Structures are given as C-alpha cells and as structure tokens.
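Going down the list, the protein sequences come from chains S and B. In my numbering, each number is its position in the first sequence, counted from 1, plus 447. In my numbering, each number is its position in the second sequence, counted from 1, plus 205.
What the hints contain is simulated information worked out from the structure, not anything from laboratory work. Do not take every clue at face value.
[Said to hold, decoys possible] Here are the computed lysine to any residue pairs in the SDA-like style, where the Cα-Cα straight-line distance is at most 20 Å:
(1) B:K223 - S:L458
(2) B:K249 - S:I506
(3) S:K515 - B:K223
(4) S:K520 - S:E534
(5) B:K249 - S:T498
(6) B:K318 - S:E487
(7) S:K537 - S:E671
(8) S:K526 - B:L266
(9) S:K490 - B:D258
(10) S:K532 - B:R345
(11) B:K364 - S:N778
(12) B:K249 - S:E487
(13) S:K526 - B:T377
(14) S:K526 - B:K249
(15) B:K349 - S:K520
All of these numbers come straight from a predicted model, not from anything done at the bench.
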Amino acid sequence: MRKRGVEAYFLPIILLAIVGFFIVLYFLTSFDLIGYSEDEVCKLSILSRATSPDAAKGIVPIQCTTKKLCLTKDGDCRKNFAGEKPEVVKLSSDENGAIEQIEKASADAILDCWKMMGEGKLDLFGGLKSELGWEQGKPACVICSRIAIDDSVGVETLNKTNINEYMRANNVEGLGINYISALTEGGAVSYAKTNPVEQKNAFEKFEKGKSKIELSTSKEPNREMAIVFMQFKPASVGDVLNNMIGIGGTIAGATFLSPIGALARPIVANPIGGGLAIIGVGTIAGYGMYNAYQGQLTAVNYCGNFTTSGKDSIGGCSMVQGINYNVRDINEICPQIQGNP
Amino acid sequence: MSADTGEPMKEINRMNSKAELIDNVLGLIIAAIGLGLFFLAVGKFIGNFADQDLKNAKNILDSIEGKIDNLNDGEVGRFPIKGLDGWFFAGWSKDDANKPERCFLDSCLCICKGEPVRGGYAGERFDERRDVCQKEGICRKASKDNVTIIGVEAISYIKMPENIAELEINKTKFEFIIKKNE
Numbered sequence: 448m449r450k451r452g453v454e455a456y457f458l459p460i461i462l463l464a465i466v467g468f469f470i471v472l473y474f475l476t477s478f479d480l481i482g483y484s485e486d487e488v489c490k491l492s493i494l495s496r497a498t499s500p501d502a503a504k505g506i507v508p509i510q511c512t513t514k515k516l517c518l519t520k521d522g523d524c525r526k527n528f529a530g531e532k533p534e535v536v537k538l539s540s541d542e543n544g545a546i547e548q549i550e551k552a553s554a555d556a557i558l559d560c561w562k563m564m565g566e567g568k569l570d571l572f573g574g575l576k577s578e579l580g581w582e583q584g585k586p587a588c589v590i591c592s593r594i595a596i597d598d599s600v601g602v603e604t605l606n607k608t609n610i611n612e613y614m615r616a617n618n619v620e621g622l623g624i625n626y627i628s629a630l631t632e633g634g635a636v637s638y639a640k641t642n643p644v645e646q647k648n649a650f651e652k653f654e655k656g657k658s659k660i661e662l663s664t665s666k667e668p669n670r671e672m673a674i675v676f677m678q679f680k681p682a683s684v685g686d687v688l689n690n691m692i693g694i695g696g697t698i699a700g701a702t703f704l705s706p707i708g709a710l711a712r713p714i715v716a717n718p719i720g721g722g723l724a725i726i727g728v729g730t731i732a733g734y735g736m737y738n739a740y741q742g743q744l745t746a747v748n749y750c751g752n753f754t755t756s757g758k759d760s761i762g763g764c765s766m767v768q769g770i771n772y773n774v775r776d777i778n779e780i781c782p783q784i785q786g787n788p
Numbered sequence: 206m207s208a209d210t211g212e213p214m215k216e217i218n219r220m221n222s223k224a225e226l227i228d229n230v231l232g233l234i235i236a237a238i239g240l241g242l243f244f245l246a247v248g249k250f251i252g253n254f255a256d257q258d259l260k261n262a263k264n265i266l267d268s269i270e271g272k273i274d275n276l277n278d279g280e281v282g283r284f285p286i287k288g289l290d291g292w293f294f295a296g297w298s299k300d301d302a303n304k305p306e307r308c309f310l311d312s313c314l315c316i317c318k319g320e321p322v323r324g325g326y327a328g329e330r331f332d333e334r335r336d337v338c339q340k341e342g343i344c345r346k347a348s349k350d351n352v353t354i355i356g357v358e359a360i361s362y363i364k365m366p367e368n369i370a371e372l373e374i375n376k377t378k379f380e381f382i383i384k385k386n387e
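With the rest of the complex left out, here is chain S (with noise of 0.2 Å):
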C-alpha cells in the first residue's frame, strides 16, 4: 500500500516536469530575435551587456543598427546611401514647413539615441581593458543615426533651422513635456546662460595625453551628421565633475565636441542621482553651413555612477551629440565604435 502511495505521489510530477521540460523546451527552440524590431532588437541587447559581469560583456554585442534618416525635397538619397536603405523623410515644399521637419528629425534622434542608451546611466562597456578593447580613459560610441540632408535643401533653409530653440519649445510626442525636460528626466526645462569668459573644455581631460579635441574646421558643406552616444572612464569622474561645476557655476559641456575656439554655448546643469545631466548648447558662426547645423544640436552628458550588476558603482561620463558624419571627426572622438553599420 506504502509502495502504491509513494508511486502515485511521485508520478504526477515526474510527469509535470517532462510536459513542462517540453513545454520551456519549445519556447526556447522557437525563441530568436528575427520578429523583434530594431530598437527592440537594440533596447534588448543594451539590458543585456549592462546587465552582464564585465567578464561576459564582451560575448554581449550591442545590437544597435545604425537609423538612416534621409530628409529630402526630391532627391534619391544616393549621394549618402547608395548602397544602403535608408529612411526617406520627404521635406515639405514651404520653407517653415521643412525647417520644422529638419528639426524635429534630429532633436527625435538626440532623444531616442539617449533613451535607447539608457541615459547614459548604465555601464556599456565595461571597466578593464577586455576582449572589448575598452581601456581607461578611452571612449567607446555608438553611432545611433546618420542624418543626411539632400542637396534639394537650400544652404538658406538649413541656417533657419534653430534645434535648441525647437527643443526647448515644443513638446515630445505623447509625453507633455519639452525636449529638454524629457532629456534630463524634468530636471530642466530651459537652457541657463552662462559666462562666455569662462568657456573651457570641460571634458579635456577625458583622455590621458590628448589636451583637446580637434573637428575639422573645412568650410566645404558637409550635409550628413552622425548622432553618436558616447561613453568614457576618465581616471577621476570627480575633476571632470569639479572641472565641469566650477566653471562660473555653469558648465561648457559642448564645448567638448565643438571646434576649439568656438564661443557662447549656454549649458544647464542638472543633478541626478549623484551624476550630472547636462543640455550643452552651441551657436557656432564662421564655419560655413555645416558647422552651424552641427552647432545647433544639443549635446547631452551623464558624468556620475553607473548603474551596474555588481557591487561596485563605477564611475563614467556619457554623452550623445550631433557630430560631422566624416572619419576625422568621427574617428577623433571614437577610437572604437561599436553597433552594427
């Protein structure tokens, strides 16, 4: 009788774990990412290697596809993406209809590269020199958009387009809230003004042995921008930290990606989480229509602890900004990229 009760408490459940075994068995098997989405694709893989021990975060790849925006009158795009598909985005045929279009592109692309990125807020790329090839000091990016305006697009049209003012005016999709706010989780809904006497490059010691970073200064048009998150371990988060604050209680964050000796960018500062969340803004004049879009977009930069898997918080900045689409600005700020081209 014993024997009979132990066998008829025991069966169900050897049973249960077999169905169950094929059940999960299933799943798994019929589990891939081909139905996901890019950004899901990408928002997935971002979790993933933040989430992984350094050690494993190299077998982790970040799974971002670089968006190809396309804004165009009537032009084929194939000047910039021959060879590639990129988004179309027709531009409207009145002049303030494109500008707004052009502006609401890349102020959406600024934020969705922040948000996709995690805010900055977490830990990409790891702490030591590893299969990664990250080292202390040295940034690593993500292209997260190529930005290209057709030739069909006047040099006129595109000096009207003001980003920041667009970003501080006009609100998020669905959201309620302005560009800037939702940049810096409410922390700002403004651009502060600041000493231009006091401009210096806040992050220029972000890399040992290179004082300052150098962007090509060529007046030739340049109509593609790459929207590039960046992230880098500068020996002490504290100097760049203090570097950043004390400069007349404001801070000249994008004056890290703008050409040296360009003047007045004001900057807001806003604390999160122990870290510092700043809007970086630049009015650039003098270097030819390229240079004054790339002035108009925002930088946004994370310096403070990452949130990371392990015990220890580490330290880190991140930025994304509105960078010339070409190897010597690309290349002079990102020794290593990663994502998918």
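The hints should help you fit chain B onto chain S, whose structure is shown.
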C-alpha cells in the same frame, strides 16, 4: 518484545530510505533538466548574437558595392565606411590565378576575417589572403574585370579599423581602384 517490534521497524526504515532515494533521484532529474534548459537558453541567446559580425560584414560589402555602382565611369568618390575589427577588405581581378575559389572565374571583392599576412622566421611575409577568405569571408562578383586594392604594403588589402575608414573609389571603364585614405 524487541523481536516482535524489530521486523516492522526494519520494514518502515527500508520504506523510508526508498522514499528518500526516489526523492533524491527525482531532485537530481529535475536539477539536470533545469540546468539543461538553462544552458540551452544561454546558448540560444548567445547564438542569436554570434553571427552578427558576418551580417555586419555583409552590410559593409553591400554598402561598398552600392557606392561603386552609384559612381559613373571616370568618377572618384570618397566614402566613410564603418570598420569591423579583425576583418580586412581585399579584391582580385578576373585573371588573377591566386584568387579564392569563392570568386569562381570572376573578379571579386571580399571582406574576410583573420590575418591576411603571415610573418616568416626570417622576416618574410606570406600572402594569406586567399586562404583566409576561402575559410571565413564574404565575396561578391565585381562589375569590372580588374580590381586594384591599394593597401599600405606590398600585399594589398585594407585592414578594417575599429571605428570608421574612408575609402576612395576610383571607377574607370575597366577597373576599380580602391584605397583607404589615411
């Protein structure tokens, strides 16, 4: 007294130990199944990412091919191309006898993973491009019979960087000349 109670006690003990054994075996089976599923899940997850380099290589080659096609004969174009660490770009003309079998009888452009040059003991340098590309790489038929890749050294290839490379493509009537701008 003890003789009367001894047999039933032994029977109870035997039953208990049998139940314990079944319990343990069952625990072991469930643990093994759980571990198996865990490793399967991890393997599946990593497997989804594993061939990403190959997909990226394919996209890069598509992009280069598209840019070449977009040029007219006699035009020169400079294009920033995202690099791929550990890979190199190479090409072979139609009449090159030393091209990989992947190219069949055509001229071709390839992106391959590995070291294109092997160093010898006496400082010699051996061209490994063909073997490396045959082993792991992607090749495409080129639309011109002659392909010239201008690399930094005698054995011509372009090492893909970790960031961005600028390729200068010169398309003539019968040839592509592709070089990496420094």
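Each hint, compared with the structure:
1. B:K223 - S:L458: Holds, at roughly 15 Å.
2. B:K249 - S:I506: Satisfied, since the Cα-Cα distance of roughly 13 Å is no more than 20 Å.
3. S:K515 - B:K223: violated, 67 Å
4. S:K520 - S:E534: Roughly 14 Å between the alpha carbons, so the hint for S:K520 and S:E534 holds.
5. B:K249 - S:T498: Since the Cα atoms of B:K249 and S:T498 sit roughly 18 Å apart, the hinted pair holds (cutoff 20 Å).
6. B:K318 - S:E487: violated, 28 Å
7. S:K537 - S:E671: Judged against 20 Å, a Cα distance of about 16 Å means the pair holds.
8. S:K526 - B:L266: holds, 17 Å
9. S:K490 - B:D258: holds, 19 Å
10. S:K532 - B:R345: With a Cα-Cα distance of about 19 Å, the restraint between S:K532 and B:R345 holds, given a limit of 20 Å.
11. B:K364 - S:N778: holds, 15 Å
12. B:K249 - S:E487: holds, 17 Å
13. S:K526 - B:T377: holds, 19 Å
14. S:K526 - B:K249: Violated, because 39 Å separates the two Cα atoms, which is more than 20 Å.
15. B:K349 - S:K520: violated, 34 Å
Hint compliance for this structure: hints 3, 6, 14, 15 are broken, all remaining hints hold.
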